[in-house]
Structure formats: C-alpha cells, structure tokens
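A.B. asks: Since the structure of chain W is provided, determine the placement of chain A on it from the hints.
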Amino acid sequence: MNQRCTNPNCYAHDGELCALGERDPSDCAAWSAAEPATVNADTSAPSARVPWSGGALGLTDLANLTPRGRHILVGVLGAHDAGKTTLLTGAYLHLLRGGELGGAQFAGSHSLSAWESLATSLRFDDAARSPTFPPHTPRGIHRVPGLLHLALRGPEDAHRDVFLTDAPGEWFTRWAIRQDAPEAEGARWTERHADAFVVVADCQRLSGSERGKARNDTRQLIERLGNKVGRRPTLLVWAKNDHRPKDAMERAIRVALRQHIPHAEEISTTTNQPETLMAAVGQIIQAAWKVPRATPLQEPVLHHTPFSTYRRRHAQT
Amino acid sequence: MHKPELVLLGGPNSGKTHYAGQLYGRLQNRPGVLGLRSDQGTPPDLSALAEVLHALNEGHTAGHTPTGTSTEVLLPLVDERNRALDLHWPDYGGEQLRAVFDERGVKEEWRQRLVKADGWVLLIRLQAETTFPDALEGLLKSADGDSRRELPRKSGWDANAYWVELLQLLLHVSGNGTVQRLHRPRLTVLLSCYDELGPSEATPKQRLAKKLPLLAAFIGSVWAPKAVSVWGLSALGRALEEKSQDEAFIDEGPEQQGWVIPPSGGDPDADLARPLAWLLEVL
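Heads up: the sequence lines are chains W and A, in that order. All letters in the first sequence, in the order written, are residues 1 to 317 by the working numbering. All letters in the second sequence, in the order written, are residues 1001 to 1283 by the working numbering.
No wet-lab data here; the hints were simulated from the structure. Please note: incorrect hints may appear among the correct ones.
[As the list claims (entries may be wrong)] The calculated label-pair distances, taken between Cβ atoms and stated as ranges, are:
#1 W:301 / A:1183: 50 to 56 Å
#2 W:103 / A:1030: 43 to 49 Å
#3 W:81 / A:1072: 53 to 59 Å
#4 A:1127 / W:80: 38 to 44 Å
#5 A:1103 / W:103: 32 to 38 Å
#6 A:1071 / W:97: 28 to 34 Å
#7 W:306 / A:1224: 52 to 58 Å
We put the CB at the ideal spot given by N, CA and C, even for glycine.
Extracted from the complex, chain W is given alone in its bound form (with noise of 0.2 Å):
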C-alpha cells in the first residue's frame, strides 16, 4: 500500500484501522485527499482490522482505550540501568504463569508484542530514541519508548487499563537536572499524567564506586518528583536489593523521601526473588485501584445565626 492518510493521527497505510472507523480506508475523505497511488488488486487482504500494533502504545493509542473504562497510568522513574526494566519483566513474567498483581488477573493487554520484546530482553534502539513518547509506534520487534498495557479484572469485577511507561532512564536523569530540558518532554509527560509512581533506586550503583553520584541522582530525582507528586500515591524500589548500600547511604536517600514525598511506600525488590518484583508493581497498581476521594470542601463559618446553624445542620445529612 504505497498511499498514505493524511490524518496525522491515522495509520491506515501502516495496515491499521482507520482512524475514523472506515473498514474500507478509501471510504474516507482523508484517504482519498491522499495522492493516489496505484490501485490495490489484492482482493484476499483483510478488510477488519484492528487499531493496535501490539507493540508499546504511543499516546494517540492512548485515545483508544482510555474512554473505554478507569484507568491507571503508572510512571516508572529512575536512572539507566536501575532496574525499570526487570521490574516491568518481573510483572509480565509473573502474570506469564498465571500470577495475579495487586490482586487482580490479567484481562488482555494491546501491547502483548512489547511485553513479548521485553521477555526476550531486548534493548532500546538507540538509533531509533526519541526525547518523548512516540505518537503511535508501528510494528516490529524493535523496542522503543511507549507505555505498556495491561488490564487487569480486581475485585467485585472491576476492570482497570493500567499503562506502565517503558522510557529510557535519561529522560528522568535530564530532568531531575533540569525540569525544562528539551531531551525529557517525556519525563515532563510522564510527570503532568501519571496516576502512581514508582522510582527506582539502584542498590548496586547505591554500593559500588559511583555511589557518591548515584545518591546524588536519586535525590535529585525524589526531589524534582516531590515537587510535581501531591497526593498521588508513590513507590520507592530498592531494586537489586542482593546488594546492600551502606546505611548512611540509605539514609541520606530516605530523609530526601520524608521530605519531599512524605505519603511515599517504600519496597526492596531483588531478582534472586522474581515475586519481590511483581510484589512492587502489584503494590502501586493496588494502591493507584480506587480513585481518591477528594478533599471535603470546609464552608468557613462566617458569622453565628439560628438560620445558619438549621442549614448547616442539615448540610450534613
């Protein structure tokens, strides 16, 4: 198919459905704006499709699901290399054999290819890296940044999508530097949407040689995070927990945590123990599952009469 859409937001060329519904692309007026190309004699291809590549979800993909139901988007935040993507692993391993997360069982999911990428460990393309999420990423085995999805079916039948990002550890690390750095659109994005976050702290890094600057980083990332966070509910991962950092190490990482985001859980997760891993993402879904309430509107009493106090009576009730 040599035509392409000119719905920016289309992928009907890329073999997907059309953006607007057509089963049949040439059905609809911004294909046919499109330059014609030559004429499609092959009568056998399929003429239902659906909208998803199966490979991580770009945020006009995000359009799909989200009206459908509740959702949670998790942010999954830390340095390269600190464990991001063995926690993410770790979770679809575990539903893999039959496991739930956070008490809830695996429902589907539109990027089962990206999952499948990730058991076989593939690497991000650096050649193929972007400062953000890709609008909608096509086929492939290739790995590149976007959100993973699961949904997920919890208690009294609630469905939950949930979206996990899988992002390149210096978007966070840029950020952290420098909130307006034009290589971490992502990590701002990231930041402005998530539901749940989850930072990972590298234990490793935590007690080898680097350490001074691994603290560093960690802190600095709590504390860009803390100033964005509220009340969304937030995880601290101490991946690789197989090596211990000193206590003052780990001090110095908390203290930056009670500051900065107080309501903050913390987890060790390590790999010599798969189910510490699905543990830690079970633990973020369960927490970001029920919508917080919000904060009950206090009416400031403003001055003292019979009428007032009858209607605030009954305001209660």
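C.D. replies: Chain A in isolation, oriented as in the chain W frame:
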C-alpha cells in the same frame, strides 16, 4: 427453527477435520445428546468430510486440510427434547487462523461469521504449544544488566501471548468489548489430542491453566463463568498415523472410537457431541 451458527477456531494440526469426521459418524450411527434428523436423510453435501471418513474407516489419519480450503457441512440435528437445529459446521485450513494473527485482521467473510456466531469452539492441542517457562530465571538475570548474553528465546511468541492476542483480535473485529464480561458468544475450549497428555486427576480446565496460565486467566476474566467450558477431546481415542491400518477402526468402525472428558473431569464419555450440546443448550 433456530439455526445456530458456530465458529470453529483451531490452528494447523489441531484436529478440526478429524473431530468433524468423528462427530458426523457419531451423529449418524451412535446418537447421544444430539442426533441427525431422520426426516432429512443424509446431509446433501458431505464432500468436506469425504476424505476423513474414508481415511478413518481404513484405520489411518486423513491428510492435511489445504490452506485455502473453506467449506461447510450442513448437519440437520435433533436434540433430546426433539428440537430441530440446523448446524453449519465449517472446515478450513488451520493456517488461516495463523494468518489472522500475522495480518492482524480478518477477511469480511470471517468477520460476518464471527459476528453472527452464537458460540465459538476453540481447539487447542496443548502438547504442540510452545511456552518458555524454563527461561524465566535467565531472562530476569539478563534484564538486570549484569549479563547480556543471547537467550535461546529469540523468535516466536509464547503460546500464551499468541492465543490471547488472537482472541483479542477476533473479539475486536466481531465487536465484542471486554470491559464487561461476555455472555455471548459462548466459548467452548476443546483440548484436542487429550490422550497425548496422559492420564490425570485434574480437570481439563486445570490442565489448560497449568500449560497456558495466561490464556486461562484471560478467558477467566473476559467471559462470564457460565458462558465458558473447557473439555478434553480425543477424537480418535489414540494416535493414528497417516499410513497405519488400525484394526479397531477397520473392524469396529471409527464411530466406536474417541471420547471427551467433561469440564468437571471424570471418566471419558463416548458422546463426542456433548461439547456442542453444551454450546447449544441455551441458544
């Protein structure tokens, strides 16, 4: 008269054609919960089953159904309560299902069938499915960054992910959302060549969950519990070869061979039509 339609979903070598042949033999010669209507006589067109019926009567298996095949046998049925049903039993080359996965879409003809179907029959041959459970520890270590050695699992999807993606594709193109549990189409999972798995106390559902846990979880969270059932199926009762001459098949007839294990487990049941009767009973 209600004319239920079923969609038969099975990959290459999953035993679709043999099941169809054996099912016809049962309906004709050993009626159980379902039988052929006597007023109609023999179905008008048996060409789709001709080869398999011939092969089984000779005591060997039929050849592979050609990829491009797409035929249908009309089976005029009657159930135990004397209700008449016309069942269109489709037969096609299993590669067509693989093509749905590869091309991420279905042809209009398939889509129409999926939309109209009252029940889906999913044939899975557990023994032939490839999963990667043993690679788990190695994968985790590799992802950790310490060792970046090449892993054996370089190509191909885990069978769990393959079947989940395929079902998601089929559900989407047939207009079935998965946020609410599905009551229609009802789903019957037939674990074909069940004799290959050896004897076990476990129910077919438990055996599916053991071999393909992600798929079992997906089916369990997408369909309403009453709308899905998992059966063990051995259409032939034993392994036949393409050149074998099994005497039991020749002497007693293929209709005496083959069995299903009901969803609750237990002893083999010779009535191969039971899974279909389950699909049709509330239609």
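A.B. asks: Taking the CB of residue 103 of chain W and the CB of residue 1030 of chain A, does the distance hold inside 43 to 49 Å?
C.D. replies: Holds, at about 48 Å.
A.B. asks: Is it true that residue 301 of chain W and residue 1183 of chain A lie within 50 to 56 Å of each other by Cβ?
C.D. replies: Since the Cβ atoms of residue 301 of chain W and residue 1183 of chain A sit about 54 Å apart, the hinted range of 50 to 56 Å holds.
A.B. asks: Do the beta carbons of residue 81 of chain W and residue 1072 of chain A sit within 53 to 59 Å of each other?
C.D. replies: holds (56 Å)
A.B. asks: 32 to 38 Å was suggested as the range; check whether the CB atoms of residue 1103 of chain A and residue 103 of chain W agree with it.
C.D. replies: For residue 103 of chain W against residue 1103 of chain A, whose Cβ atoms are near 37 Å apart, the range 32 to 38 Å holds.
A.B. asks: Can you let me know if the beta-carbon spacing of residue 1071 of chain A and residue 97 of chain W is within 28 to 34 Å?
C.D. replies: With Cβ atoms ~40 Å apart, the hint is violated.
A.B. asks: With respect to the beta-carbon atoms only, verify the hint that residue 1127 of chain A and residue 80 of chain W lie 38 to 44 Å apart.
C.D. replies: holds (43 Å)
A.B. asks: Does 52 to 58 Å hold as the CB distance between residue 306 of chain W and residue 1224 of chain A, or does it fail?
C.D. replies: holds (57 Å)
The structure shown violates just one earlier hint, number 6.
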